[in-house]
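Engineer: Just so you know, the protein sequences line up as chains A and B, in that order.
In terms of the numbering used here, the first sequence opens at residue 396 and continues consecutively.
In terms of the numbering used here, the second sequence opens at residue 105 and continues consecutively.
Worth flagging that the hints you see were computed from the coordinates, not collected in a lab.
C-beta atoms are modelled at their ideal positions from N, C-alpha and C, and glycine is treated no differently.
Just so you know, not all the hints are guaranteed correct.
[To be verified] Listed below are the simulated DSBU-like cross-link pairs for lysine-lysine, each with C-alpha atoms no more than 30 Å apart in a straight line: (1) Lys155(B) with Lys281(B); (2) Lys512(A) with Lys393(B); (3) Lys175(B) with Lys281(B); (4) Lys338(B) with Lys155(B); (5) Lys512(A) with Lys477(A); (6) Lys334(B) with Lys281(B); (7) Lys175(B) with Lys338(B); (8) Lys334(B) with Lys477(A); (9) Lys484(A) with Lys334(B); (10) Lys175(B) with Lys477(A); (11) Lys175(B) with Lys484(A); (12) Lys175(B) with Lys202(B); (13) Lys338(B) with Lys359(B); (14) Lys155(B) with Lys175(B); (15) Lys281(B) with Lys202(B); (16) Lys393(B) with Lys281(B); (17) Lys242(B) with Lys281(B); (18) Lys202(B) with Lys393(B); (19) Lys477(A) with Lys202(B); (20) Lys334(B) with Lys393(B); (21) Lys175(B) with Lys512(A).
[Claimed, not checked] To be clear about the criterion: a stretch of chain A counts as covered by chain B if any three or more of its residues have a C-beta under 8 Å from a C-beta of chain B, and this derived list gives those stretches: (22) 410–421; (23) 438–447.
[What the hints assert, rightly or not] Derived contacts from chain A toward chain B, CB cut-off under 7 Å, selection only: (24) Ser431; (25) Ser432; (26) Met433; (27) Val450.
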Amino acid sequence: MGSQNVVPAGQPTVQDLNDAYSELLNDLNDAYWAASSMDAKDQLYGFIEAITSLVTQLNAADLTSRDAAYSALAVQVASANKQLGVLQKQINSLINRINTVAKIIADVDKVVAIAAKVVPAV
Amino acid sequence: MAIRLGQSALLLSLLVSLALVGCIKQVRSSVPAFAQATELTSTNVQAAFMKVNQTYGDAQQIQYAVSYDGKVDPSRISAGWLSPEALNVRLLVLQGLKQYASELSSLTGSNDVDSLNKASTAVGTSLTTLTKTAPFKKFTGDVPANASNQAAAAVDALGNWLIELKLKNRLPTLIEKMDPSIQSICTLLVEDIGSVNTDPAQPSEGHGLRQVLWDQYNSIILSQNQYILKNQCKEGERAPANCFTPETRLAEIEKLPALVEQRNAADQTLQQVQATVTQLGRAHTELLKAARTKENLTADLGDLLAESERLNTYYNSLSKKK
Numbered sequence: 396m397g398s399q400n401v402v403p404a405g406q407p408t409v410q411d412l413n414d415a416y417s418e419l420l421n422d423l424n425d426a427y428w429a430a431s432s433m434d435a436k437d438q439l440y441g442f443i444e445a446i447t448s449l450v451t452q453l454n455a456a457d458l459t460s461r462d463a464a465y466s467a468l469a470v471q472v473a474s475a476n477k478q479l480g481v482l483q484k485q486i487n488s489l490i491n492r493i494n495t496v497a498k499i500i501a502d503v504d505k506v507v508a509i510a511a512k513v514v515p516a517v
Numbered sequence: 105m106a107i108r109l110g111q112s113a114l115l116l117s118l119l120v121s122l123a124l125v126g127c128i129k130q131v132r133s134s135v136p137a138f139a140q141a142t143e144l145t146s147t148n149v150q151a152a153f154m155k156v157n158q159t160y161g162d163a164q165q166i167q168y169a170v171s172y173d174g175k176v177d178p179s180r181i182s183a184g185w186l187s188p189e190a191l192n193v194r195l196l197v198l199q200g201l202k203q204y205a206s207e208l209s210s211l212t213g214s215n216d217v218d219s220l221n222k223a224s225t226a227v228g229t230s231l232t233t234l235t236k237t238a239p240f241k242k243f244t245g246d247v248p249a250n251a252s253n254q255a256a257a258a259v260d261a262l263g264n265w266l267i268e269l270k271l272k273n274r275l276p277t278l279i280e281k282m283d284p285s286i287q288s289i290c291t292l293l294v295e296d297i298g299s300v301n302t303d304p305a306q307p308s309e310g311h312g313l314r315q316v317l318w319d320q321y322n323s324i325i326l327s328q329n330q331y332i333l334k335n336q337c338k339e340g341e342r343a344p345a346n347c348f349t350p351e352t353r354l355a356e357i358e359k360l361p362a363l364v365e366q367r368n369a370a371d372q373t374l375q376q377v378q379a380t381v382t383q384l385g386r387a388h389t390e391l392l393k394a395a396r397t398k399e400n401l402t403a404d405l406g407d408l409l410a411e412s413e414r415l416n417t418y419y420n421s422l423s424k425k426k
């Protein structure tokens with residue numbers, strides 16, 4: 396699926412966005428278990444909660460046909476992406492695993508790029 | 105010559121009638137078995153949905169307790185994996201399948217046709233009304249557009265079939281007419297349940313109800329872990345100074361692998377729902393074949409019953425994984 400950190404060519408689908416968030420979720424989960432300080436775990440836990448909620452919403456709403464769900468989700472995506480910008484800046488200090496850090500930074504770039512195409516209000 | 109032609113025509117029509125009677129007879133002998141298998145399957149799928157939802161609800165209460173900060177309205181925790189409306193839509197569609205099977209069975213000569221007809225009309229009306237409701241549109245909207253349109257039409261067709269059901273002697277035609285709708289409903293249920301954990305490197309990737317359940321269980325597992333970490337005694341500190349006694353800590357840690365096991369069992373139950381519903385679609389196709397030819401249905405019903413039994417084992421095992 397979307398494990399190559401490459402934004403799909405053309406117009407990405409809602410499922411592409413779901414895959415990108417899921418990939419980020421997997422890596423954040425790895426980072427959570429790797430983090431050694433309680434502060435780092437707290438912050439990562441907060442991000443994981445936000446992304447889990449988004450993936451649930453993506454499954455519940457068909458973006459193309461439901462205006463109300465679309466608007467609500469657009470707001471949620473925008474807010475999560477803002478948090479992700481913060482995460483990108485902090486991630487080095489939260490975890491020590493170089494590979495995981497690099498992967499999360501790339502995941503965030505990918506999510507933000509796909510979200511901008513799938514949810515134009517973002 | 106005219107007499108011979110007349111005789112030939114009579115013979116031909118007799119042969120056709122015999123073939124039809126044979127065909128109908130064959131279908132009539134297969135239908136009660138199909139109906140029983142379908143009823144058992146639909147009941148087990150309904151029970152599986154309810155059991156997964158209930159088990160998830162119990163796990164969610166743990167999350168509420170361990171992350172309690174006084175800011176979350178407890179009435180929100182009942183939102184669960186499936187809301188009552190979302191669960192009800194699925195249960196009602198399955199009830200429609202059960203009623204369809206009962207009606208088929210009654211047409212082949214069972215007893216209480218009147219009360220079955222009343223039940224059919226009631227379920228039929230519920231189904232046709234259901235297709236116009238927001239929860240149903242959401243249910244069908246979660247699958248790809250072409251499948252969702254077919255699914256809505258299929259549930260509507262099933263409802264109308266149950267309402268308008270009148271004829272005894274058109275059984276093969278009736279089965280044939282309903283086959284596309286039954287297939288669409290089975291496809292809808294399989295798509296609705298979706299997928300997750302197909303790639304070990306990316307376990308969260310997927311879609312549908314399985315992905316939602318998987319991610320939400322993971323979130324509960326992290327909440328439990330946060331609770332343990334936040335309540336462990338710091339160096340030099342001893343319980344009850346806002347930290348766990350060794351026994352309590354051990355008991356809380358033991359909940360982590362139990363939750364993982366519960367997540368996996370719930371996911372397996374949903375996978376088994378997919379396998380069972382797929383087999384139900386196949387069995388109906390075979391019933392249709394039996395309506396057209398004289399094939400024996402036993403093997404396919406055996407497969408359906410086996411999948412249904414397996415589903416029963418899975419969802420019952422969920423109660424034990426607490």
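Engineer: Hint by hint, note whether the structure agrees.
Structural biologist: Hints versus structure:
no., hint, in the structure
1, Lys155(B) with Lys281(B), "33 Å, violated"
2, Lys512(A) with Lys393(B), "47 Å, violated"
3, Lys175(B) with Lys281(B), "54 Å, violated"
4, Lys338(B) with Lys155(B), "40 Å, violated"
5, Lys512(A) with Lys477(A), "16 Å, holds"
6, Lys334(B) with Lys281(B), "61 Å, violated"
7, Lys175(B) with Lys338(B), "27 Å, holds"
8, Lys334(B) with Lys477(A), "27 Å, holds"
9, Lys484(A) with Lys334(B), "26 Å, holds"
10, Lys175(B) with Lys477(A), "23 Å, holds"
11, Lys175(B) with Lys484(A), "29 Å, holds"
12, Lys175(B) with Lys202(B), "43 Å, violated"
13, Lys338(B) with Lys359(B), "22 Å, holds"
14, Lys155(B) with Lys175(B), "29 Å, holds"
15, Lys281(B) with Lys202(B), "17 Å, holds"
16, Lys393(B) with Lys281(B), "13 Å, holds"
17, Lys242(B) with Lys281(B), "27 Å, holds"
18, Lys202(B) with Lys393(B), "20 Å, holds"
19, Lys477(A) with Lys202(B), "49 Å, violated"
20, Lys334(B) with Lys393(B), "63 Å, violated"
21, Lys175(B) with Lys512(A), "35 Å, violated"
22, 410–421, "holds (count 7)"
23, 438–447, "holds (count 4)"
24, Ser431, "11 Å, violated"
25, Ser432, "10 Å, violated"
26, Met433, "6 Å, holds"
27, Val450, "6 Å, holds"
Violated hints, listed in ascending order, are 1, 2, 3, 4, 6, 12, 19, 20, 21, 24 and 25; each of the other numbered hints is respected by the structure.
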